[in-house]
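Residues 1 to 127 (full-length UniProt numbering) make up the sequence shown, in order.
Among these hints, one or two may not hold up.
Stated by the list, open to error - DEER-style ranges, computed between Cβ atoms:
id	residue 1	residue 2	range
1	T61	F24	33 to 43 Å
2	T106	L86	18 to 28 Å
3	A14	F114	38 to 48 Å
4	T61	V81	32 to 42 Å
5	N59	P27	15 to 25 Å
6	F74	T32	20 to 30 Å
7	V16	T100	47 to 57 Å
8	N122	A54	17 to 27 Å
9	N29	L93	36 to 46 Å
10	A124	T32	15 to 25 Å
11	R99	N122	31 to 41 Å
12	L65	L40	41 to 51 Å
13	G94	A11	41 to 51 Å
14	R99	A14	50 to 60 Å
Quick caveat, the hints were computed from the structure, so don't treat them as lab data. Beta carbons: idealized from backbone N, C-alpha and C, even for Gly.
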Amino acid sequence: NRVSSYRNNLAQIADVVTYFYRDFTDPNNPATLRDGFRLLVQDHKWLAPSYQLADLHSNRTNTFLYIYSHRPSFSQEPPWVGASHLDDLLYLLGDPVARTPSHQYTQEEKQLSFSLMAYWTNFAHTG
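Taking the hints into account, I'd like the entire structure generated from these sequences.
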């Protein structure tokens, strides 16, 4: 088990985390420290549990997951926030290409919506 080899070596874990989540080109910049911390929390709260669940599920059947990272063009959040949880639902449910969309979307976002709907429809059809 890959995880168990690190479990008792906290110094090694700290080195890996520091290396991965810190920008050494500007190590004391508050913005890069914030971004590294945001990525660390995001990976800890969302990514790692998703991978663990998918890994466990894959022992029984084919398993798929995706990472959604598009920040909506109309987002009111600061740019460093990036994509938020559930941002993909507007695109998946076709809001950008609806007759009366809830927001003003770019052409790229309309294409993203068509692509996500196609991915999920194909997945539902073929598994």
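The hints, checked one at a time:
no. : hint                    : in the structure
1   : T61 to F24: 33 to 43 Å  : holds (42 Å)
2   : T106 to L86: 18 to 28 Å : holds (20 Å)
3   : A14 to F114: 38 to 48 Å : holds (44 Å)
4   : T61 to V81: 32 to 42 Å  : holds (34 Å)
5   : N59 to P27: 15 to 25 Å  : violated (41 Å)
6   : F74 to T32: 20 to 30 Å  : holds (26 Å)
7   : V16 to T100: 47 to 57 Å : holds (49 Å)
8   : N122 to A54: 17 to 27 Å : holds (19 Å)
9   : N29 to L93: 36 to 46 Å  : holds (38 Å)
10  : A124 to T32: 15 to 25 Å : violated (41 Å)
11  : R99 to N122: 31 to 41 Å : violated (24 Å)
12  : L65 to L40: 41 to 51 Å  : violated (20 Å)
13  : G94 to A11: 41 to 51 Å  : holds (50 Å)
14  : R99 to A14: 50 to 60 Å  : holds (54 Å)
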